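There are 2 protein chains.
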Amino acid sequence: IAREDASFIRETMDGVNPADISQLLDEVDGERAKYVLDVLNNEIGAEVIEELEEDTRRDFLEEFEPHEIAEYLVEMESDDAVDIINDLPVKTREQVIASINDPETAAHVQELMRYDEDCAGGLMAKEMIVANINWNVKETIEEIRRQVENVERIYSVYVVDDNYKLKGRVSIKKIILSGDRVKIQSIYDEDIIHVETYMDEEEVADIMQKYDLDAVPVLNLQGKLVGRITIDDIIDVITDQAEEDRQLMSGISSDVEEDDTIWAISKARLPWLIIGMVGSTLGALTMGAFEQELDKYVTLVFFIPMLMATGGNVGIQSSTLIIQSLANRSNFEESLTKRLIKMLFTAVLTGLVLAVIAFIIVVVWKGADQMQFGFVVGTAIIGVTLLASIMGTITPLILDKLDVNPAIASGPFITTTNDILGIVVYLAIANLLLP
Amino acid sequence: IAREDASFIRETMDGVNPADISQLLDEVDGERAKYVLDVLNNEIGAEVIEELEEDTRRDFLEEFEPHEIAEYLVEMESDDAVDIINDLPVKTREQVIASINDPETAAHVQELMRYDEDCAGGLMAKEMIVANINWNVKETIEEIRRQVENVERIYSVYVVDDNYKLKGRVSIKKIILSGDRVKIQSIYDEDIIHVETYMDEEEVADIMQKYDLDAVPVLNLQGKLVGRITIDDIIDVITDQAEEDRQLMSGISSDVEEDDTIWAISKARLPWLIIGMVGSTLGALTMGAFEQELDKYVTLVFFIPMLMATGGNVGIQSSTLIIQSLANRSNFEESLTKRLIKMLFTAVLTGLVLAVIAFIIVVVWKGADQMQFGFVVGTAIIGVTLLASIMGTITPLILDKLDVNPAIASGPFITTTNDILGIVVYLAIANLLLP
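Protein chains in written order, with this note's numbering: chain A, 7 to 441; chain B, 7 to 441.
Rather than coming from a laboratory, the hints here were simulated on the basis of the structure. On a predicted model such as this, the values are computed, not experimentally measured, just so you know. Be a bit skeptical, because a hint or two may be false.
Intra- or inter-copy, both count: the list cannot distinguish identical chains.
Cut-off 20 Å, straight-line C-alpha distance, at most; resulting in silico cross-link-like pairs (PhoX-like, lysine-lysine) [as the list claims (entries may be wrong)]: (1) 344 / 372; (2) 348 / 273; (3) 144 / 180; (4) 179 / 144; (5) 189 / 173.
Full structure from sequences and hints, please.
As C-alpha cells, this is what we get:
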C-alpha cells in the first residue's frame with residue numbers, strides 16, 4: 007500500500023471478502039485507507055466501509071468529500087446508509103444528503119432519518135420485495151428482477167393490498183415451486199408477524215427471537231408497510247445490549263473501548279469510582295458512630311472486610327438472577343410474592359451455611375474463649391445475607407419499572423450499598439450482643 | 007384445557023403461532039400439556055416442543071412414550087431433534103432412536119450425535135439444498151421440490167462436485183432469475199466461507215457475524231460438505247454466551263435460573279461466597295498483623311471500606327475492558343506493551359483524581375490537624391488503583407491463555423483479591439508514613 011501501486015492492490019484485493027479488507031484497513035491510517043478504496047469499485051468499497059469499526063470509519067470518512075461519501079451510500083442498503091450519515095458531523099451530513107444522485111436512495115434516507123435510532127423505524131431498511139395481492143407469480147418474479155440490485159437478501163415476499171396494507175407473505179420457496187400464472191392470492195400465507203415503527207429495538211429483537219424470524223415487516227401507525235428489519239441488525243442489537251449490560255455491571259458509565267483515549271476511559275470510569283468512595287465514606291461515618299465499641303474490641307474490626315465482601319457478593323448474585331428473569335420475560339410468570347418468598351428461603355439457607363463457616367473461622371483463629379465474636383460474626387452474616395438478597399432483588403425490579411436498565415443494579419451501586427449495609431448490621435449486632 | 011374439550015382446543019389453537027402455544031404450555035402441568043399436544047397435529051406439535059423452555063420440556067417429555075417422542079422428532083430439523091434427544095435420560099434416548107421410523111432422520115440423528123454439542127458439528131443440521139455443479143437450474147429446482155418438506159429455509163443452494171466437495175453456492179435469487187437450462191456451473195459463486203466440524207461454536211458465531219452470513223456450510227476433515235449452520239442457532243450461542251458471562255461476573259457458578267429449586271440456586275451461589283469469605287479472612291489476618299497500628303490510630307480503620315471499595319471497583323472495570331477487547335478479537339491488534347502502558351497511564355490519572363477527593367473527604371471530616379491521615383489515604387488510593395488495574399488487566403489475559411472464560415475474572419475473584427490488596431497496601435503505607 008505504501009508504494010501506492012494501484013494495479014497491485016486491485017489484484018490482491020480481488021476475491022478477498024470485504025470484511026477482511028475492512029479488518030486490514032482498520033489498521034492503516036485514513037489517507038492510505040482512502041487510497042485503497044479509491045482503487046476498488048464503489049460496490050465493494052461500500053461494503054468495506056459498512057464493515058469498518060465505528061471509530062475508524064468516523065476518522066476515515068473525514069478524508070472524503072461529501073459527494074464521494076454519497077457515491078458509496080447509493081450502493082448500500084438504506085438502513086446502513088442512514089447509520090453512516092447519522093454518524094457524520096451535522097454539516098457534512100447535509101452536504102452528503104444533498105449530493106446523493108439517486109432520487110430513490112435520497113428519498114429513503116430522508117424518510118429513515120426521521121426515526122429514532124433505537125426503535126424499529128431506525129433499524130428497518132426500505133429494501134424489500136413487495137407484491138400486490140392481485141399479481142400472479144410471473145409479475146412477482148418481474149418485481150424481484152427489478153429489485154435485484156437493491157435487495158441483497160429476499161427471505162420472504164410481502165403481500166399487500168392496493169392501499170399498501172400488509173396482508174401476508176409468500177416464501178421464495180413457494181414462488182419457485184409455483185407456475186407462472188398462479189395468483190399470489192392463492193398461495194400467500196396470512197399468518198404474519200409484524201412490528202410497528204415506534205417499537206423499541208429490544209422488543210423487536212425479542213419478537214424475532216421468539217418466533218425465529220429472519221426478517222420482520224414494519225408497519226407505520228396507519229398499518230401501511232414501510233420497511234423490514236433483517237436478522238443481522240438484530241444480532242447487532244443483542245450484542246450491543248450484552249456489552250452495555252457488562253459495562254453497567256462493572257460500573258463503566260459510557261460506551262468506551264480499550265482503544266479509546268486515556269482521558270475518555272478515565273472519564274467513563276470515574277463517576278462510579280467516586281460514588282463508591284462517597285458510599286464507603288458513609289460506611290466510615292457509621293464506624294465512627296461505633297468508635298467506642300471498636301476501640302474496646304479491636305478484633306471486631308478484623309471481620310469488617312468479611313461482612314462487606316459477603317454483602318456485596320450476595321447482592322450482585324441476587325440482582326443478576328432477577329435481571330436474567332427480566333430479560334426472558336416469557337418465564338417471568340410466577341407471582342411476585344411467590345418469588346420473594348423463594349428468594350428469602352434461599353437467602354436463609356445460604357446465610358446459615360455461611361454463618362457456620364464464619365463461626366468456625368473465628369473460633370479457629372481466635373480460640374474457643376473468644377467464641378462470642380463467632381456468634382456476633384455468624385449472626386451478622388445471616389442478617390447481611392438476608393438484607394443484601396432483598397436489596398439485590400428489589401432494586402432491579404424498581405429500576406425496571408422506572409425504565410432504567412436494571413443491569414446497573416448489578417454493578418458498583420449494589421456493592422456500595424451492601425458494603426455499608428454490611429457494616430451497619432455487623433456493628434449494630436455487635437453492640438447488642440457484646441457486653 | 008381442564009375440561010379436555012378436544013375440538014375446542016383444536017379450534018382455539020388454529021392459526022395461533024406455535025411459539026405462543028409453547029409459552030402457554032410452559033405454565034400448565036405435564037399431563038395437561040400432553041393432552042393439548044395430542045390434539046394438535048404432529049408438525050405443529052413438533053414446533054411447540056422445540057420452543058418450550060428446556061426445563062419444562064424435560065419434565066414434559068417424561069409423560070411421553072419413546073415412540074411418541076420419535077414421531078415428533080421426525081418432523082423437526084435434525085439439529086433440533088438431536089438437541090432434544092441429548093437432553094433425555096440415557097435409557098429413553100436409546101429407545102427413542104430405535105423407534106424413529108424414518109430411515110433418513112434416524113441416519114441424520116445418529117451422525118449428528120457423534121459431535122460434541124459445543125462445536126460446529128453439534129450445531130449443524132443435515133437439512134440443506136445441495137446441487138451438483140453439473141446440473142442445470144431445472145434439475146436444481148427439482149431437488150428443491152424434493153427437499154421442500156425437510157428444509158424450512160433455503161438461504162443458498164450449495165454447489166458440490168461429484169465427490170461432494172464444496173465448490174461454492176448459488177443464491178436462490180439467481181435461480182429464480184435464470185432460465186431452466188442455464189448450467190449451475192455458469193452461475194455459481196466460488197467465494198464461499200465455510201466452517202469445519204470441529205470448530206468451537208463461538209468461533210463459528212464470530213465468523214458468521216463478521217461476514218454477515220445467514221447460513222454457513224460445514225465441511226468435515228476430508229473437505230466434504232456434511233451440514234449447515236443457520237443464523238438462528240448462532241443467536242442462541244450469542245445469547246447463551248452473554249448469560250454465561252453475566253453469571254460468571256456475578257459469581258454464580260452453574261447455569262441456574264430464578265425458577266430452579268432453592269437448593270439448586272443456593273448450591274450455585276455458595277462456592278464464590280465461601281471463596282469471598284475465605285479471601286476476606288486473609289484480609290483479616292493482614293489487619294491482625296497491623297493490630298498495634300490499628301489500636302494506636304482507630305481513625306485508620308474507618309477508611310478500610312473506602313480502600314476495599316476502590317480496589318474492587320477499579321479491578322472490575324479494568325477486567326471488563328480487557329474482556330471486551332478479547333471478545334472483539336478483530337480490534338485486538340495493539341501490541342501488549344502499548345496497551346499495558348496505556349492502562350498504567352489511565353490508572354495513574356484515575357488514581358490521582360480519586361486521591362484528591364479522598365484527601366478532601368478526610369480533611370473535611372477529621373479536620374486539618376489530622377491531615378496526615380489524608381496523605382495516607384490518598385497515597386494508598388493511588389497505590390491500590392495502580393495495583394488493581396494491573397491485576398484486573400493481567401488476570402483475564404492469563405485466564406484466556408489457559409482457555410478459561412475470562413469473564414470469571416470480572417466477578418468475585420477480582421473483588422476478593424483487590425479487597426485484600428487494598429487492605430495490605432493501605433496498612434503498609436500507614437505503617438510507613440505515620441510516626
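Status of the hints after comparison with the structure:
| no. | hint | in the structure |
| --- | --- | --- |
| 1 | 344 / 372 | neither (41 Å within a copy, 48 Å between copies) |
| 2 | 348 / 273 | between (40 Å within a copy, 14 Å between copies) |
| 3 | 144 / 180 | both (13 Å within a copy, 15 Å between copies) |
| 4 | 179 / 144 | both (14 Å within a copy, 14 Å between copies) |
| 5 | 189 / 173 | within (14 Å within a copy, 36 Å between copies) |
In this structure, the one hint that does not hold is number 1.
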